Structures are given as C-alpha cells and as structure tokens.
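Residue numbers (full-length UniProt numbering), protein chains in the order written: chain A, 1 to 329; chain B, 1 to 275.
Just so you know, the hints here were simulated from the structure itself, not pulled from any lab data.
These numbers come from a predicted model, not from an experiment.
A portion of the hints provided could be inaccurate.
Cut-off 25 Å, straight-line C-alpha distance, at most; resulting in silico cross-link-like pairs (SDA-like, lysine to any residue) [stated by the list, open to error]: (1) K108/B with K294/A; (2) K134/A with L266/B; (3) K108/B with G261/A; (4) K294/A with A245/A; (5) K108/B with E243/A; (6) K108/B with N39/A; (7) K108/B with G165/A; (8) K294/A with L181/A; (9) K108/B with A245/A; (10) K294/A with G261/A; (11) K108/B with Q43/B; (12) K15/A with A31/A; (13) K15/A with L39/B; (14) K134/A with I42/B; (15) K108/B with L290/A; (16) K15/A with I126/B; (17) K134/A with T188/B; (18) K108/B with G185/A; (19) K134/A with L39/B; (20) K15/A with T268/B; (21) K108/B with T218/A; (22) K108/B with L78/A; (23) K134/A with T53/B; (24) K15/A with R274/B; (25) K134/A with T268/B; (26) K15/A with T53/B; (27) K108/B with Q193/A; (28) K108/B with L166/A; (29) K294/A with D184/A; (30) K15/A with L92/A; (31) K108/B with I126/B; (32) K294/A with Q200/A; (33) K108/B with V257/B; (34) K134/A with E48/B; (35) K108/B with D203/A; (36) K294/A with R225/A; (37) K134/A with S155/A; (38) K134/A with L78/A; (39) K108/B with Q200/A; (40) K108/B with W175/A.
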Amino acid sequence: MTHAIHVEGLVKRFKGNTALDGVDLTARTGAVLGVLGPNGSGKTTTVRILATLLRPDGGRALVAGHDVVREPHAVRRLIGLTGQYAAVDEDLSGTQNLVLIARLLGFSRPDSRARAAELLDRFALSDAADRAAKTYSGGMRRRLDLAASLVGRPSLLYLDEPTTGLDPHSRNELWDVVRDLVRDGVTVLLTTQYLEEADQLADDIVVLDRGRVISEGTPDQLKTRAGSQVLQVRPVEAARLPEAARIVEAVTGAEVRSGDGAANASVSDTAVLPEVVRRLDDAGVQVAELTLRKPSLDEVFLALTGHTAEPAPAQDDPAGADHTERTHA
Amino acid sequence: MSAVNTAERSPLSAGPATAQRITPLGTVRHGALLTWRSLLKIQRNPEEVLGLTFMPLMFVALFVFVFGEAMMGDWRAYRDLITPGIISQSVIFATIGTGVALNSDIEKGIFDRFRSLPIARSAPLIGAILGDLVRYLLTVIMVVLVAMLIGYRPEGGAVGLVAATAVVMVFAFALCWLSAFMGLLLRTPMAVNIFGSIWMFPLTFASSAFVPTERMPGFMQTFAEFNPVTHVIDAMRALLEGQPAGEPLLWVAGWSVLLTAVFFPLATRAYRRRA
C-alpha cells in the first residue's frame with residue numbers, strides 16, 4: 001500500500017545552515033501525523049518541501065506515491081495548505097478569497113460561489129462573508145485560511161502550527177474542525193510546538209529537534225519511552241514544597257523538578273510510594289495531592305532532548321527570503 | 001510499500017519531468033483570474049483609490065500654479081510643458097508599487113497559497129504585472145483629466161494622446177521588471193519602497209520633466225540627456241503636440257528593450273527562487 005506521505009533522508013540547507021539533516025517520516029492514510037518540535041527544529045521546512053514550495057537538497061519525499069520534485073503538479077492536486085504563512089488576501093472579502101481559489105481550481109462561476117458559501121457557512125463566517133478579511137479577528141482569519149485550503153477537497157491537509165497565537169476558545173474550535181476533517185477521511189499532517197495539541201489530535205507523533213527525528217510513535221508510546229511514570233506531590237502549604245521535594249528526592253533518588261506548587265520526579269519502581277507517604281507523614285508535611293501519572297509531553301521532550309519544548313525566542317523574521325525556520329546552531 | 005532501494009532514488013535535479021501539465025490556455029486563464037484579484041484590490045483599498053486620484057491632482061495643481069509663473073511667466077505655457085512630465089513621474093511612482101505589492105504578497109504567504117495550488121507557476125506574477133499595468137493606465141488617465149480640467153488641450157488631439165500614453169506604458173512595462181526584481185530580492189515592503197525612491201527621484205527630476213535640460217549645469221545636463229525618462233517625455237511631448245517623435249521614440253524603444261532584457265530574466269529567476 002502507498003502511504004499518504006513517505007519521506008526518506010530529507011536534507012535541506014540554507015546558506016550553510018542545515019535545516020533538515022536526514023528526516024524520515026511516514027504518515028498513514030486517514031490518520032493525523034503530528035510533527036512536534038520547537039522553533040527552528042525544521043517543521044516548517046518539512047511542510048514546505050511536502051507542499052512543493054521548497055526543493056530538498058537530498059533525500060526524497062513522496063506524497064500519495066508522487067515524488068514532490070518530479071511530479072509537483074500531481075502533489076498540488078491532492079494537498080491543502082494552512083499555515084503560519086499560507087494566508088488569505090486581506091483586501092478581499094471572505095467570499096472573494098474563496099471564489100478566487102475555486103476559480104483557479106477550475107470550478108465554474110456558480111460552482112465557485114456555491115462552494116464559497118458552503119465553506120463560509122461551515123466555518124461560521126457567513127455573517128462576515130462580504131467584509132474584507134483584514135477586519136476579521138485572528139480566529140476568523142485562521143478559519144478562513146483553513147476554508148481556503150479546503151476549497152478543492154484535498155485528501156491531504158497540511159496544518160503548519162494552525163493554532164499558534166490563537167486564544168484557547170479559537171484553538172478548541174479549530175481542533176474540532178480538524179477532528180471533523182479526519183472523520184471525513186482526510187489525512188492530516190500537523191506541525192505544532194504545543195505538546196497538548198499533538199496529544200489531542202495526533203495518532204502518531206514524530207519529534208523533530210534541530211533537523212532530525214529524535215523520536216516517533218503514538219503519544220502513549222512516547223510517554224512510556226521517556227520514563228515510566230511521574231510521581232507528583234503537592235503539599236497543602238506551598239512553603240513546605242522544598243521540604244517535600246527533598247523527601248521525594250531522598251526516596252526516589254531521581255532528580256526532582258518543582259513547579260506550580262508541586263514536586264515531580266520520574267520513578268520506575270512504584271514501590272517507593274508508601275515510603276514517600278511515610279516520610280512525608282513523619283516530617284508533618286500535609287499533602288493535598290499525591291499522584292502517579294504518565295509524563296506530559298513536555299516532560300517527554302525534556303527526557304528526549306535534554307531541553308524543554310518551550311518555544312525558543314520568537315522567530316520574528318517571517319519576511320526572510322526563504323520563509324523558513326532556521327536551525328539555532 | 002515503496003521499496004527502499006537507493007539505486008531507485010529519483011534524481012533530485014529538475015529534469016524535463018517537472019514540466020507542468022498546464023496548457024498555455026490554462027496559464028492565460030489563471031493569469032486572468034489573478035489579474036482580477038489585483039484589480040479587486042485597487043477597488044477595495046481606499047488608500048489606493050486616494051493615491052490614484054489625489055496624487056495627480058496635487059502634482060498638477062502644485063507644479064502648475066506654484067512654479068508656472070516663476071518658470072515661464074505664464075502658468076498655461078508651463079502646464080503644457082510639464083503635463084507629459086507629470087504623467088511620466090506619476091507612472092514611475094506607480095511602478096514602485098509593483099515591487100512593494102509583490103513583496104508583501106510573498107511576505108504574507110499569499111503566494112505560498114497560490115503556489116501550492118495546481119495552477120501555472122507563472123500565473124501569480126502575470127496577474128500582479130497585468131493588474132499593475134491597469135493601475136498605470138488609470139494613473140495616466142487621472143493626470144490627463146486633471147490637466148484638461150485646467151485647460152490642457154494638446155495639439156495632437158486624441159491620436160497624440162493615445163500615442164503618448166502608449167509610449168509611457170511601454171516604458172513603464174519595462175521599468176516594472178526592475179521594480180519586480182527589487183520586490184523579489186529585498187526583504188521588506190519598506191525596503192522596496194526606499195530603494196524604489198532612490199531610483200525614482202533622480203530619474204524623474206533630473207530629466208526634461210520640469211525644466212529644459214539646457215538650463216542645468218554640465219554634469220546634470222549630461223545625466224538628464226542620457227536619462228531614459230527625458231526621452232520618454234520628449235517623445236510624449238512631440239506626440240501630444242502632433243510633432244514628429246522619431247529620435248526620442250528610438251531612444252525609448254532602446255531603453256525599454258534594454259531594461260526588459262536585463263530585468264525580466266532577473267525578476268523571473270528571483271521569482272522562481274523565492275516565490
């Protein structure tokens with residue numbers, strides 16, 4: 001069978017910077033592949049190559065069996081692109097934006113209008129249909145952008161950091177839309193630097209760091225790989241957190257991360273739990289919460305890369321000649 | 001499942017296999033649709049409409065009524081002298097907009113959207129340039145209307161007017177490739193604007209637009225007489241007044257061919273690389 005996306009040894013360099021250093025990944029047809037990584041890890045470069053916007057310097061990328069370099073036109077017929085950069089025309093109205101794309105895709109004039117109206121309705125933009133897109137809110141603009149990428153009913157959708165900069169409400173709305181699309185059978189390639197987003201939407205996750213795949217698997221597999229479980233202890237009195245942390249450290253022998261009023265430590269042997277309870281009790285530290293849980297993706301990332309997945313200093317140069325994330329050397 | 005066989009790997013260099021399955025007719029259709037987009041943008045942008053109407057009005061009024069009497073003792077005579085100059089200046093101004101618009105389309109990612117669609121690769125560029133030619137033409141019409149409003153009636157009549165318009169449009173079409181090239185090369189719309197002004201001011205002022213070149217000091221006179229804008233204006237003047245325009249026309253043709261020959265390939269190459 002042919003995978004929706006099959007990438008082997010993809011390499012891309014920008015003026016001496018290696019953005020992609022041999023990336024391999026595969027997206028199953030009908031599933032959501034999450035590409036997770038911080039700024040500069042090569043997510044956008046990967047998407048741009050898969051969208052035929054950039055030429056790789058090495059390796060190959062197949063989209064539904066079509067080579068992106070040799071058969072870009074065949075690839076373009078199958079894909080929809082929504083991203084931090086792929087955009088709508090702000091001077092044009094919502095309807096005009098969608099009609100333009102429909103006409104470019106060969107829809108007749110009446111069909112274009114019908115398709116535009118249908119999509120505007122689906123994305124709750126009907127009321128703003130005739131307003132210039134520059135008057136739209138961030139969430140509305142992102143929805144129009146997504147609608148624009150769906151005009152041609154693509155079987156494969158690239159979502160490049162679709163919720164970056166959105167408020168939680170708009171983000172949840174967008175997540176619902178993505179879930180609907182997957183239900184309709186669309187294969188989705190989603191890049192994100194939000195671990196929660198990958199966890200929520202992706203069936204498979206590829207973790208990119210500095211142009212390399214450092215881990216892949218289902219969200220659960222990744223969590224398992226990065227250490228079995230996390231012990232979390234939250235004292236009633238925040239002032240006693242250092243004391244609680246010392247006890248957890250002494251018992252588990254693991255490095256303790258304190259934050260958000262709780263002490264966290266990776267544990268492989270759950271038998272330490274009673275001991276922790278006893279020692280806390282002896283010390284008179286009252287505990288509001290004591291849990292064993294699977295690690296968050298943030299902790300996974302930390303375990304895999306030695307640094308957290310929190311965004312590196314914001315990339316403030318989208319105007320660059322190549323619009324691409326650069327690797328932070 | 002595709003076999004992993006290195007011998008099978010496709011060569012990544014672009015061969016003829018990259019040929020688009022887009023017919024020439026398809027390219028025309030896509031280009032026309034994207035031209036429609038450029039025109040919609042003019043219509044939907046109040047600043048654009050204001051720039052197209054107010055600037056010519058202001059330039060004609062200021063130059064004619066401020067400098068007219070001082071320069072020639074008669075604002076009417078000066079009006080007749082500088083109308084072709086103001087037309088050329090306004091259109092050359094407008095060519096900067098071509099580069100700025102291209103740059104901001106790329107920066108905002110709109111070209112990425114178009115390029116990820118199964119349409120002709122050149123269509124977005126064609127649409128941008130054709131849309132701008134309409135913009136240049138509207139500029140010419142506005143300046144002529146304002147000049148006529150204050151009594152401009154060139155000897156050459158409608159034929160002269162059409163011929164003069166054709167001359168400035170041909171030159172603008174050649175010059176817009178320079179602007180497009182800058183728009184594709186530079187990083188921000190602001191930079192394109194600044195670089196654009198750097199060529200626009202000497203080209204338009206150090207020409208026969210507002211004063212006879214004989215009244216300039218030696219070096220400036222040399223520059224002005226070499227300046228293509230001088231030849232554009234001289235040709236327009238001759239055509240507007242119903243005089244023979246052979247020599248300046250040859251110059252304009254030569255300059256236009258030269259500019260196009262240099263900047264069209266540069267711009268299209270930059271377009272393929274960046275857009």
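Which hints from the list above does the structure break, by number from lowest to highest?
1, 2, 3, 5, 8, 9, 12, 13, 15, 16, 18, 21, 25, 26, 29, 30, 33, 35, 37, 38 and 39
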